[in-house]
Amino acid sequence: MGGMLLAVPDIEAQVNLYHIANNAAWLKINDSTDWARYTAFSENDWGTLRRYWDPMENHFHSVAFSGQSHISEDMIFFGDIRYNIDLRKGVNRAIERNPYAHDPFVLADSTQGDFQYLGPQVFIAFNQKLFESFYWGASLDYRVSRGLKDIYTQPEIISRDIRASLDFVYRFTPHISLGMTWSPYQILDITKLVFQTDGQSPQTFRYRGFFEFRKSTGTADRTASYTGYHLRPQFSLQYERLKAIVYLNYHYHWHEIYDGTTTRYYEGSFQEEDLGLRSVFRFYIGETKNFVVSLDYRYNYIENWAQEAKAELLINQRTFNNQYATAGVSNQFTTIPLLLAFEVEYLRSYPEEKDYLAHIDRSGSIDKYTLKVGMEFTPFHTLFLRAGFITRIYEEDESWDFFGNYSGNLITAGLGIPFSNLNLELFGRYGELKSIDQGFRKRNIFDISVQLKHHF
Amino acid sequence: MDAGPKKIFFTVIILFISVVTGLSQKYGNLTGHVINVETNYGIPDVTAKITELQRTVQTDSTGLFIFDLIPPASYTLSFMAPGYGRTVLLNVQISADKTRNEIIYMQKSADEDEKFYIGGIEVTADRELIPDGPVTSTRITSGEIEHLQASSLGDVLEFIPGQKFTNPGLENVKQIGLRHVSTVDDADRNTALGTQIIVDDIPISNNANMQLDTKLNDGANYRININAGIDLRQIPAENIKSVEVIRGIPPARYGDLTSGAILVETTSGYSPFRAKYKYNPRTNELNLAGGYAWAKHQINFNVNYASSLRDIRVQDNSYSRIALQLNLLSKFYDDRIEWSNRFYITRTFDEQDVREGDVNKTERYNRDYITRIVTKIQQNWSRTQHLSLTASANMNQQNSFFKKIASSDIHIIGTRMTPGVEEGHFISSYVSELWVKGRAWNLFTQLEYDDQILTDRFLHKWYTGVVWRNEFNNGQGRIFDPLYPPSSTSLDGDRPRSYDDIPGLQQLSFYMQDEITADLFVDFSLQLGLRYDIFGFKGINFSDPANFFKSNHGSYLNPRVNLVTYLGRNTQARLGYGKTAKTPPLSMIYPNPAYYDVVDSVYYISAQDNFSLVNTNIFSRDNEKIRAETRNKFEASIDQRFGRFGISLTGFYEEAHDGFELSGYNPASLTKYSRPYWPDENPAFPKDTILTNYRTAINSLESISRGLELTLQSTRIPLINTTFRVNAAYHFSDSWWQDNHYTYASTIRYDQNLKEDVLPYWKPISRKAQQFVLHYRLDTIVKPLKLWFTLAIQQIVFEKDQLTGLEDSLAVGYVQKSGNIVAIPDNERGDEIYSNLRRTYDDYNYIVETKPNLWLINLRVSKEIWKGSELSFFVNNLFNYRPLYQRQRVPGGSLSYTRRNPEIYYGIEFSVIVDEFFKYIKRF
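Line by line, the protein sequences give chains E and Y.
Residues in the first sequence are numbered from 1 upward in steps of one, following our numbering.
Residues in the second sequence are numbered from 457 upward in steps of one, following our numbering.
Wrong hints could be hidden among the right ones.
Calculated from the model, a selection of chain Y residues having no Cβ within reach of chain E, i.e. all distances over 12 Å [as the list claims (entries may be wrong)]: (1) Y497; (2) Y678; (3) T722; (4) F805; (5) I833; (6) A1029; (7) S1076; (8) R1131; (9) W1134; (10) I1173; (11) P1240; (12) T1354; (13) G1363.
Here are the computed lysine-lysine pairs in the DSBU-like style, where the Cα-Cα straight-line distance is at most 30 Å [to be verified]: (14) E:K192 <-> Y:K994; (15) E:K192 <-> Y:K893; (16) E:K310 <-> E:K368; (17) Y:K1239 <-> E:K453; (18) Y:K752 <-> Y:K817; (19) Y:K1081 <-> E:K192.
Simulated from the structure, these hints should not be mistaken for laboratory data.
Predicted model, so just to flag it, every value in this text is computed and none were measured.
Think of the CB as a built atom: it goes at the ideal place given N, C-alpha and C, for glycine as much as any other residue.
Using the sequences and the accompanying hints, generate a full structural model.
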């Protein structure tokens, strides 16, 4: 249905503290059933519409097993274990997993090669009702992957990512609740460089900003560690015709980079703070509550800086003003077995960057408009047919030189087959994004997923 | 062995036989019902056990249990059942010719431990809180092995106190040394060699491995383990039912070992058809297993394929293993005869193809083809009397290959296989190919009789047996074209060698053991064992009773004593002493000969116009009289159970003597001749002398190990569904050499005082080391979720090592250019005349290397997906914590770091029981 997560009420996309604010203390209230789910999906995009460090092709495949089960009447457990296969073909020079993170440190070599990242991911969440109105929860998300570039410099990138949360909910009334989430994380990425097959040392380029780098010859590993936390006080309204979530979010992020296999040479450090607000409302209108109007507004302000390690000189500073608004409506017709939905998204980001090493001071807006239209047709009670259409326009100030302006359309199709206590879901999406200024630069998207859910 | 111990041995045998056969015996019986206190119905499948006799029976469908032929005494009875926990009855008196009847009431409890399955993984929550016998050992169950996602036996040993956690995989040779901290290479190697691996009652030996000088080990990768313990990668973990690691005094049944024994029992009998796939960044593994049972017959199979990449960037550098096992078990004549046959086939491929960019075009492989047949037939005369005959033949067909472009300046080699003179061959760059083809045989036969006898207040559980082993190698040997040797320098030559002429290594052993259980002031159980090992058995010398058994490597009388006294219901103390002995392997006794090609004359104008004369000298390095290594082991333990916890504290002291090594120094003074009338060899006029040496195996290494081991474990704590287990091990090891191992100067020098060219030698520098390692293991089982969650934490509190022998810097002697060894009398070593021969040690050598506290956290999760299927996941070094340690014992001003902890590693596995899968599908 056009990949709509707001306009269409769904058990997997509810306006509640679990889905909107990631508060594990709401897990049992979110879905009190026991089930198991098997999922396989493949997300693919390819083409020349890309940023400088980006790959030509992305192919992300994953198989997952998830399950939710009650441990007792007051305790519930959710677990998800998946294996991720992340193939990135034609990555331009960057030999790190996320070169477009906000920090200015990028490790690169001189070739365009393919990366293969493989690794499992485990997510568990636990929720217990302690008292009549008081719930607590906790979650742990652990993922690890090992990536390898197929050609020179053949680095191995080991990434370990741990995120946890401690969550609380207090229900003043059955309709009004307050929540709190504290969510720390720690990430460690190690890029291991090795002697090449001909016995030579690899040559790498250690960027500090987009234009300044130092050449390095040798097998000195790069270690990047990231630590931080989110603090998120939340407010929830859960009435029959109104569901609303409002939360504040404070995010602190610290990032250190050092090089060397047996001795640490600090390359630099980076700090980011992010203050945000989000409010989501969903109204159920009409006698049968079949007409649903949903609104989502987000704002966040991000400020960060980076310094080099030796003289502790400031090398980079950025701020971001991001606004995101979504409005959606859906209607389940009573006369015909049809659900229609529309969703409009608008994202405006206004970054400002000062790169002191490269003597660059730039700012400019990035705007993204998305319109989604979708329908679900139910010819029999054991068959759901879904289709959708997405159109997107992206505009960026020319000072950024990321993608340039582009637009594109995508179509989606899906199928739902419930039988007995099983539910089979198929989903597919295909489309093309095309540069507005340079028509030959395109990016194709093709996603497919299959999911089998088994209720106990 | 002199006549004294031999007399003692035979006297003890005669006394023992007369005691156990000359006394009459009477028995009582015990029967009863185990009843559910709530329903008043009998409980089936309860395990009833007489602790002192180690006898167990299962209750039938009505809860009935029967023990017959019980020697009269006072016993401890225990009853265990899934969901019912454990009930213990103390001081149950059994009288002769009487049947005692007991009614035992048990109550079902949600809190109690229960065996259940996560997919096909058997989760055995029950674990004895304190050892149930006198021997100090570690037991590892199949569930723990599966949960660990081990690929081979080498991966499962982290449960042993003091063993450091490692990542699973097959990319390098895996061995184990028990109760030993790494000191010097030879001590480490001997410790691994002295750990006997016993699979389904058959010792797996590396004694006949002759893969010498294969050039397959390149410093970074170890593909071959010669003169050391067996490569544990050859034993798949998947088919293992249980592992027991005997760290203390081994029972007399086990021989040809020094450090300890690892008893591996593989799965046999009925088991559901099950498929499993394991994947981690380096290793892929697929396993299929299953078994049938009908009437009195059982058949069981296991097929395993595993492949491990040595470097994930290089696909052509890998180790692969295919292992097949087939078991047939049958019972005949009302179960009076049990016959089991087991067949094992293991094929391994350790391959390294030419790597892109390698100018030497190096290729290596090592391909082993192991076949083993085991047959065991047991006659059960009564419930307590058994006679068993076990025989096995194990053949390991080994094929090692090394190919390389050898490139050097033009030099001269000889090709003679016998001493003498020939015209030399000029070589520079060429392609060298070396095969080492061994066929290592291990033949094993064991005849054993066991029985139980009651004499007065003493219950004797005894056995006696005889073992014959023959190990030999009749492979083709080292094969290469002598004109293109795998390595050569101007002096050291290399030649092919056939293994046809290498004699076999025979062992003959007699053993007996009596486990005496009695109540004399306190309850106790005393295990008295005696083993007589004849290594290199050469026959019987009837004419000389003092040397009745002829042997090359000695005869050894090895007493073994283990005592456990039950000081109270929850307290026991154990004491042990034992002696063990290990034969030297064939590769120590018969290493490859040393070839020296002395170039007498040479001129070289061009490739066409040249001439040389090479004088080939050959030295045999055989040492047929090398003795076995021995070890004396002492230990004392105290075990205490309190509530849901049990604690065991063991102190041990071990001393190893006559450890073998290939470092016996033999000087060789080689003469260069002028032969003016060649091709007439004579006359030959000496014109120069070259001093070199070759090494033979000697008994030299001495080691001690001592330490404390503490195990604290709990049953499942109800509220958190978690068991705790803490292993703490402090180990100290020190090694040194007898006065036949020295450090020799690298080059000969002219000494102004002695007025001659000399090569001085000194007492060697060794190392002693200690470590304190703690393992914390938390096992949480959430039954409603069918989830098993394990957090295994390793804390290395400290690791210390220091060099020893630095205090003696005076020369012990010197070698003259003629090859004559001059030993300096002890009281003259400090004399001024030898002052130039002293050596000095920089101050930094005295620094004690102390590595600080280190943590390592591993996580494992197993979850049932549907009945019979399971998905497991592990992450080792969860936080990828790999701190750097700056080495202290380095020359001033230099910096050297080592990275500690293995790198982060993870893997997943999925298994399914085939029948359950189809049942699951049918539900829809």
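Going through the hints against the structure:
no.	hint	in the structure
1	Y497	holds (29 Å)
2	Y678	holds (20 Å)
3	T722	holds (30 Å)
4	F805	holds (22 Å)
5	I833	holds (48 Å)
6	A1029	holds (42 Å)
7	S1076	holds (40 Å)
8	R1131	holds (45 Å)
9	W1134	holds (45 Å)
10	I1173	holds (16 Å)
11	P1240	violated (6 Å)
12	T1354	violated (7 Å)
13	G1363	violated (8 Å)
14	E:K192 <-> Y:K994	violated (57 Å)
15	E:K192 <-> Y:K893	violated (38 Å)
16	E:K310 <-> E:K368	violated (40 Å)
17	Y:K1239 <-> E:K453	holds (22 Å)
18	Y:K752 <-> Y:K817	violated (58 Å)
19	Y:K1081 <-> E:K192	violated (51 Å)
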